[in-house]
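Undergrad: The primary structure of each chain is shown beneath.
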Amino acid sequence: MSATFLGMPGNFPENSAKAVQDSQLRFNLRKATHTIRGKRAGVVGELPDWQELRAAGKAIKDHTLRNLDRYLLQLEEAVTGAGGTVHWARDAAEANRIVTDLVKATGETEVVKVKSMATQEIELNQALAEHGITAYETDLAELIVQLGDDFPSHILVPAIHRNRSEIREIFLDRMPDAPRDLTDDPPALTEAARLHLRERFLRSKVAISGANFMVAETGTLVVLESEGNGRMCLSLPETLISVVGIEKLLPSWRDLEVFLQLLPRSSTGERMNPYTSMWTGSVEGQDFHLVLLDNGRTDVLADEVGRQALRCIRCSACLNVCPVYERAGGHAYGSVYPGPIGAILTPQLRGMSSELDASLPFASSLCGACYEVCPVAIDIPEVLVDLRAKAPHAAAERAGMKVAGWILNDHNRLARAQRAATRVRGFVPKRLPGPLSAWTDTRDVPEIPEESFRDWWERNERA
Amino acid sequence: MSARDEILARIGRAVAGAEDVEIPRGYRAGRQAEGLVELFAERVDDYRAIVHVLPASEVPAKIDESVAGRRMIVPDGFDRTGGWNDLGTADGVITSCAVAIAETGTIVLDHGPGQGTRAQTLVPDYHLCVVRADQIVAGVPEAVARLDPARPLTWISGPSATSDIELNRVEGVHGPRTLEVIIST
Amino acid sequence: MQVALFITCVNDTLFPGTGKAVVSLLRRLGCDVDFPAAQTCCGQMHVNTGYREEGVRLARHFTEVFAGYDAVVAPSGSCAAMVREQYPKLAKPGSRGAAAIAEVAPKVYELSEFLIDVLKVEDVGAYFPHRVTYHPTCHSLRGLHLGDRPTRLLRNVRGLELVPLPGSEECCGFGGTFAVKNPAVSAAMGADKTRNILDTGAEVLCAADNSCLMHIGGTLRRQKTGVRTMHLAEILASTEETQ
Chain A
1 MSATFLGMPG NFPENSAKAV QDSQLRFNLR KATHTIRGKR AGVVGELPDW QELRAAGKAI
61 KDHTLRNLDR YLLQLEEAVT GAGGTVHWAR DAAEANRIVT DLVKATGETE VVKVKSMATQ
121 EIELNQALAE HGITAYETDL AELIVQLGDD FPSHILVPAI HRNRSEIREI FLDRMPDAPR
181 DLTDDPPALT EAARLHLRER FLRSKVAISG ANFMVAETGT LVVLESEGNG RMCLSLPETL
241 ISVVGIEKLL PSWRDLEVFL QLLPRSSTGE RMNPYTSMWT GSVEGQDFHL VLLDNGRTDV
301 LADEVGRQAL RCIRCSACLN VCPVYERAGG HAYGSVYPGP IGAILTPQLR GMSSELDASL
361 PFASSLCGAC YEVCPVAIDI PEVLVDLRAK APHAAAERAG MKVAGWILND HNRLARAQRA
421 ATRVRGFVPK RLPGPLSAWT DTRDVPEIPE ESFRDWWERN ERA
Chain B
464 MSARDEILAR IGRAVAGAED VEIPRGYRAG RQAEGLVELF AERVDDYRAI VHVLPASEVP
524 AKIDESVAGR RMIVPDGFDR TGGWNDLGTA DGVITSCAVA IAETGTIVLD HGPGQGTRAQ
584 TLVPDYHLCV VRADQIVAGV PEAVARLDPA RPLTWISGPS ATSDIELNRV EGVHGPRTLE
644 VIIST
Chain C
649 MQVALFITCV NDTLFPGTGK AVVSLLRRLG CDVDFPAAQT CCGQMHVNTG YREEGVRLAR
709 HFTEVFAGYD AVVAPSGSCA AMVREQYPKL AKPGSRGAAA IAEVAPKVYE LSEFLIDVLK
769 VEDVGAYFPH RVTYHPTCHS LRGLHLGDRP TRLLRNVRGL ELVPLPGSEE CCGFGGTFAV
829 KNPAVSAAMG ADKTRNILDT GAEVLCAADN SCLMHIGGTL RRQKTGVRTM HLAEILASTE
889 ETQ
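Chains as they are written, first to last, in the working numbering: chain A, 1 to 463; chain B, 464 to 648; chain C, 649 to 891.
The set of hints was computed from the structure by calculation and includes no laboratory data. Each hint should be verified, as a subset may be incorrect.
Stated by the list, open to error - Derived, one-sided and incomplete: chain A residues facing chain B with beta-carbon distance under 10 Å:
(1) Ala32
(2) Arg198
(3) Arg350
Heads up, the beta-carbon is just placed ideally off N, CA and C, and yes, glycines get one too.
With these hints in hand, go ahead and build the complete structure from the sequences.
TA: Shown next, in the form of structure tokens:
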């Protein structure tokens with residue numbers, strides 16, 4: 001991808017205001033999110049012990065985070081013992097440097113990639129390109145995004161904002177070997193991608209992946225996927241480099257029994273995703289490197305409320321049920337992590353110094369749908385509210401909230417304010433000035449009543 | 464300070480004083496259920512794979528029928544003579560499996576004898592897998608308990624598929640586009 | 649039974665009719681209703697907008713005002729959820745504030761919870777001969793888990809025809825200050841909600857939160873749809889005499 005998220009201008013309210021005007025985008029997102037919502041609900045409903053699995057998933061992750069240093073060392077030992085090499089990266093620049101050096105050491109200038117959030121987060125493809133190395137995305141949606149010079153807009157389905165006819169246009173435009181008579185039939189589009197990538201898989205010497213899980217006890221890495229591009233990248237090339245966030249750890253082999261039930265059902269809404277690959281160290285003679293990535297995660301870990309975001313297994317169920325995401329789309333969040341989880345993860349990983357990042361904790365109506373579907377029970381509304389307290393506030397708003405707080409803290413002051421409002425009740429304009437115009441642009445204001453409830457009670461009941 | 468030491472120190476500071484957590488495992492595990500063959504067959508079929516349930520004595524004939532006219536890779540340790548050796552031109556691969564999961568319709572290969580290498584089960588467009596009834600377990604926990612993490616493992620649930628276009632499932636991307644499963648009872 | 653009414657600041661100031669309805673309904677059911685005059689606001693707006701200090705002050709005020717009552721009834725799922733779900737996160741564990749919250753919070757009920765769980769009544773003797781659809785507001789649904797309590801009450805109202813609302817579980821787009829901080833998305837959500845309401849052909853949209861109804865109702869009125877919004881309490885308080 002040549003596009004980059006870092007330093008994106010704007011803020012969520014403005015970005016999303018543009019997005020809601022795009023009726024094609026609204027239609028694509030609505031259709032896709034409602035489809036996956038129904039599928040998820042169906043397969044989750046099949047399991048009588050879903051809440052028990054969810055409780056176990058949450059606790060396993062919390063326990064891992066509490067003992068993360070110990071488990072990382074255990075993982076390192078297990079991976080090394082199985083013939084792999086472990087590298088540690090404090091931040092994006094360090095991770096990119098490690099990966100670039102590893103690729104350079106092979107003498108290759110092309111690598112194939114399995115869809116990975118961590119490598120998107122550190123913008124690895126751009127870093128490799130600066131050193132003359134071309135990274136080819138092999139996941140269908142990532143390919144659509146890469147060919148379209150576009151941004152991913154969803155964790156699981158990065159091209160969710162594109163419909164079939166837009167994808168056909170991108171393929172015809174940017175994929176030299178696409179058949180000229182390509183239709184917008186999804187099987188035809190899929191076949192074009194299959195043929196386009198086939199040769200590349202067979203000749204590539206280096207692959208780069210992420211991982212869904214790492215098992216400390218055994219040193220095993222786990223990748224869940226659907227298409228088989230993951231299996232191609234993980235098993236065919238001579239060198240495999242996996243870049244994985246330090247929070248992707250599970251203590252024991254047995255813990256997979258929980259997460260291999262939680263993730264597929266929450267993510268693609270299937271009982272099981274088509275392919276899951278597990279490998280421990282160097283397999284079938286492959287040269288294996290694991291790059292453990294911090295990049296802000298230890299800062300998140302230090303926050304008592306916010307650290308629960310590190311339980312995230314990137315299933316994207318929260319995006320699919322979020323009414324705000326459905327209308328704003330993923331790009332409005334200006335991060336590889338969009339939607340509700342992005343609104344709590346991005347400001348924690350990047351800080352809130354940019355206007356965009358400071359607006360993210362407010363990109364939610366706190367409806368709670370995200371928390372309800374989260375397979376590891378991340379209380380996203382709780383973290384949003386906590387981040388709002390840490391976010392910078394505009395001076396005018398701060399002043400207004402202080403006054404409101406002062407009035408509301410005393411019933412006599414509140415009663416006087418209510419009576420003052422009653423006196424002007426006939427003069428409230430249909431369109432309010434200043435920030436309150438945001439209300440009256442699309443809604444009428446409620447009528448101010450003749451008297452407040454407390455005055456009515458005082459008059460009728462107190463006597 | 465190395466990156467490793469710095470990250471570990473940062474973690475130590477971040478979690479200092481935090482309480483540890485007990486892991487409740489109230490979910491279903493260690494099940495010995497009835498009707499696993501039927502459930503497994505139904506769930507594999509849901510993925511639009513081809514499924515047969517046959518007595519062991521009829522399996523060789525069924526294999527002959529299914530592979531007729533195909534250049535099949537027959538991995539070491541699979542009880543069948545002949546077979547095609549060139550991965551690039553093979554039409555299909557025939558394997559056994561390590562374990563199968565009824566609830567999710569999944570077969571798991573540990574790439575031991577009879578199961579081929581990872582590449583052999585991936586590159587050809589057709590995968591025929593023979594599952595013995597006693598290899599089928601109820602659910603994911605029962606499967607995880609039977610598997611050896613030291614081995615490379617490939618979990619397969621139906622043919623390769625994608626949901627990347629409008630979240631509609633399309634079968635057949637990079638992995639085998641046809642998965643056929645014979646359950647030997 | 650003695651009951652303290654927590655009217656909530658929004659109802660007190662803008663929707664006194666809802667408060668009067670709660671008083672008349674609870675009295676009809678034999679309750680002795682008190683209105684602690686010193687009450688003001690639960691502090692939700694401040695806490696949820698990032699003004700924790702002001703919010704905590706209001707929460708402290710709430711726990712002082714309502715200490716000592718056996719039951720506090722609020723005609724708002726959102727404010728009841730604030731007290732029950734969010735208050736415990738505001739105080740330091742083991743502090744005096746935490747103890748005060750632990751004392752008061754479990755006694756705070758949303759109206760339909762109080763009627764069904766405490767008074768054990770589903771038929772409140774109401775009469776309301778209209779076609780009504782019900783929107784389960786987010787904090788009622790996912791905060792308090794009210795479930796079908798409100799609709800069980802509505803189904804027992806004589807003359808009332810309850811029609812299901814498509815996409816009822818989806819947020820209306822109010823979200824407190826969200827409505828003015830993210831007006832475009834809020835309005836888009838409100839537009840979809842009103843479309844679903846209009847599709848039901850209902851004359852009245854009912855909910856257990858006037859704040860959400862203020863947003864949806866404001867949109868319905870701006871579009872001149874003719875659909876009225878009514879708080880659950882107002883429908884349950886209706887009788888043949890008031891019709």
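Undergrad: Hint by hint, say whether it matches the structure.
TA: Status of each hint after checking the structure:
no.: 1; hint: Ala32; result: 4 Å, holds
no.: 2; hint: Arg198; result: 8 Å, holds
no.: 3; hint: Arg350; result: 17 Å, violated
In summary, the one numbered hint that this structure violates is 3.
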